[in-house]
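Q: Here are the chains, one letter per residue:
2 protein chains.
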Amino acid sequence: MASREKWRNKYSEWFSWLISTAEIYDYGRYPVQGMGVWMPYGFKIRKYILDIIREKLDSRGHEEILLPLLIPEDLLRRESEHIKGFEAEVYWVTHGGDTPLGVKLALRPTSETSLSYMESLWIKSYKQLPKKYYQVVSIFRYETKATRAMIRLREVTTFKEAHTLHADYEDTERQVLEAIEIYKEIYDDLGIPYIISKRPDWDKFAGALYTIAFDTVMPDGRVLQIGTVHNLGQSFTKAFEVKIQLEDGSLDYAWQTSYGISDRIVATLLSVHGDDRGAVLPPNVAPIQVVVVPIPVAGGIGEDLRSYVDKVVALLKSRGFRVHVDDREDVRPGAKYYEWELRGVPVRLEIGGREVEESTVTVARRDTLEKTMVKLEELVDHLEEVFEDIRRNLKEKAWRFLEENVFRTTSLEEARKAIAEKRGIVELPWCGSDECGLKMEELIDAKCLGSPLERPSWVRGVRCPVCGGGAVTSMRLAKTY
Amino acid sequence: MASREKWRNKYSEWFSWLISTAEIYDYGRYPVQGMGVWMPYGFKIRKYILDIIREKLDSRGHEEILLPLLIPEDLLRRESEHIKGFEAEVYWVTHGGDTPLGVKLALRPTSETSLSYMESLWIKSYKQLPKKYYQVVSIFRYETKATRAMIRLREVTTFKEAHTLHADYEDTERQVLEAIEIYKEIYDDLGIPYIISKRPDWDKFAGALYTIAFDTVMPDGRVLQIGTVHNLGQSFTKAFEVKIQLEDGSLDYAWQTSYGISDRIVATLLSVHGDDRGAVLPPNVAPIQVVVVPIPVAGGIGEDLRSYVDKVVALLKSRGFRVHVDDREDVRPGAKYYEWELRGVPVRLEIGGREVEESTVTVARRDTLEKTMVKLEELVDHLEEVFEDIRRNLKEKAWRFLEENVFRTTSLEEARKAIAEKRGIVELPWCGSDECGLKMEELIDAKCLGSPLERPSWVRGVRCPVCGGGAVTSMRLAKTY
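Protein sequences appear in the order of chains V and W.
If you count by my numbering, then the first sequence holds residues 117 to 597, one letter each, in order.
If you count by my numbering, then the second sequence holds residues 117 to 597, one letter each, in order.
Please keep in mind that the hints were generated in silico from the structure rather than gathered at the bench.
Owing to the predicted nature of the structure, the values given are computational and were not obtained by experimental measurement.
The reader is advised that the hints may include incorrect statements.
What the hints assert, rightly or not - Listed below are several chain W residues computed to face chain V (Cβ distance under 10 Å; list not exhaustive): (1) E203; (2) T215; (3) D336.
Virtual Cβ for every residue (Gly too), placed ideally from N, Cα, C.
Next up, chain V with everything else stripped away, as it sits in the complex (with noise of 0.2 Å):
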């Protein structure tokens, strides 16, 4: 606890710490500004969590497609309030060779216009939908704001991008309520807590009818925006012409959505996770889950223990665990510990003298830190049970963390203060006017991450703050990235 109030204001620069020196992502060097290299370790936390996020979206039938990366600028301006909320955000490719283009081509933002245009020409009837798309891809954007380390980036190099196609708005209403799903049971399996809101009108995308947004608080008590769901409607349907023939045999525009998480998924992970040690990895998506320890006996590894050490590492490969030996000579057991931890291996096996005599190994765990004797026949239920309390024990612990940083209030002036003094979620009873949620940005001096999916009760009978007509419902506040 002593170490999270220690964070508030640290965190950004522990962050830096940790992604640097635990090779995960090299951020501030290559010369564009914005622009990072995803290094082997990192790359493989970022590929255990693309598997899962592919399992969630392909057992529920959607398909992954690859669209090209440039979009010519007519198509990316076809829909009219889309362009107006990109527009200062495009690059622009203009020259190919010492060739000047006859079209600007923008390195896509993001691909409702691209796929659109292609749908207008492989979907014909209601018979072929819902029709569920994704891809995972970089989008660029031509940041105005402070650039940080796969929160704020140029170059989004990881941005799954899901898109669907209806016969009517019924059904899109379906799929935003089924895209939160996926997006509840994928920051699940990775312990992150989430709060749900709808943004406010005046903050949804580009084009859409309204936007769904998932939001974290992190360890500094700042609002992390983490995934968000639009319904689309019938905008970019309209403006490319993406005409289905319905049940009755009329024609009409066919109705979208679409749903976007980014490399922001890895920065929680490691963030809402880690300690003053650095990351503290869930187990299904540690590239190491178990690193083995030798510890030498009189200075060096001798023929019992390497031996010994094998059985380990080949009866815990044969149950399919992910493991690592460090075996390094020229290190002491220590720094090992300290770079493995840095890491955040979930569980370190050490085994010494004692361990090859008894037949044990003993089991660091990394969230706890705590260390444990096991039987080697017990080895393999341990380390299972042990997996699944860390995931429950990270998962519980960030949770609390999100929860202690929502703070419900009736008075402006509480609201402002706790914003001031500790940051996290504030919410507020509201009547629902653009006006009066701008008003309280102003007053809170905080941005508004819209309202619960759902009217909560507490905010009956109570008067929206600004106004002091009633509260239809509540409007959350926070200081954000």
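Chain V is fixed; fit chain W onto it per the hints.
A: Positioned in the frame of chain V, the structure of chain W alone reads:
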């Protein structure tokens, strides 16, 4: 064979028909020339191929990373031979929103420059070497030649580029051999035949000491380069100051190799195995390995049939087969056969009244179109044998075609005639001089692919047909893509 002959002239048309009708890759309709869309079925074939590539690289200690797409102009220009090779083909980003960028940014044509820059930060000592990185990314070339689906693209969406770093030249030579081994294994796993040549000096990679290439003969007799391995020497490490401490304490520039495979691997897989009915996929990369078609009894799929089909499918899934049941009621079995043959599914199971009664299934092979009746209890073993047989059959047929298309001769006139009449590869004795090689290109009206890695025995005592000097090796020539 008749079909093969016919193909010489209609192959290009066949390929366009296949990728569009089988919904593999949508090409020619996206409004930027040379850029296509991977559709769900094609994306899966590509994924299974990438799984094989990754497995081969990972198992030999290659580590996957991800570098930024954009390379600042000054970085790209730092190695002078390299930029000369790519200058005319580079796409340039010049604006972010309305703002002109201070430095133009290139869409990566390949990543030797950006990675070497990072390696100068990462690698300090021989102790860290050898180091093997790779990434799978889109690369961009503003092609001036005619673009062609998967084969000559402006966005190559499946570029696997491996980059290795070594303490001395000898180790790069060892690495080149390892890369060749890896590529052999990859193509062997796909049943794709290849011929390996050391490219002539005038056709090596921009910045390399030398280039080894894998080529194959496409159904129309033209040759396609499907993989390259470059020994980069110290060109890039000198340009980017990648200096390492050697074992004796001295400092020197490190040594590099790089090797790449592109979307062409998918194009080749489809082309070398396909036939008039469509794709013929090897089971290891088939998105659907077994399609089950229930044959309606008396006009419908009754309960007995359905429960027997379910039983068969459950059995196959439990044994790890990728199975799909086509139980559409409004499509006739014949139309289903046509569709799944087009898509190259290796095995079709037909199940009707007789099969239910006798507890059998009818197994239809895609490669030979043979049908066999098999008892249910023997099905799994039978399928495993059939898969192995399909793999062997496809590979043998493809290798036979390649071998039939390599023509050795000592006569320029015969070589010219062979290329003009049949295309394929001609191989002539060669004295080793650039002058004679270039002269051969002119006289034969074909392009030099280069020489075998070892001096072929048949050129002993034979003369170079251009200058009449003694042949030191052979030169291969072909009409290329």
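Q: Was the hint right that D336(W) lines chain V, CB cutoff 10 Å?
A: Constraint on D336(W) not satisfied, violated at 27 Å.
Q: Min Cβ distance, E203(W) to chain V: is it shorter than 10 Å?
A: 7 Å, holds
Q: How about T215(W): closest beta carbon in chain V under 10 Å, or not?
A: Interface hint status for T215(W): holds (7 Å vs cutoff 10 Å).
In summary, the structure is inconsistent with hint 3 from the numbered list given earlier, while agreeing with all the others.
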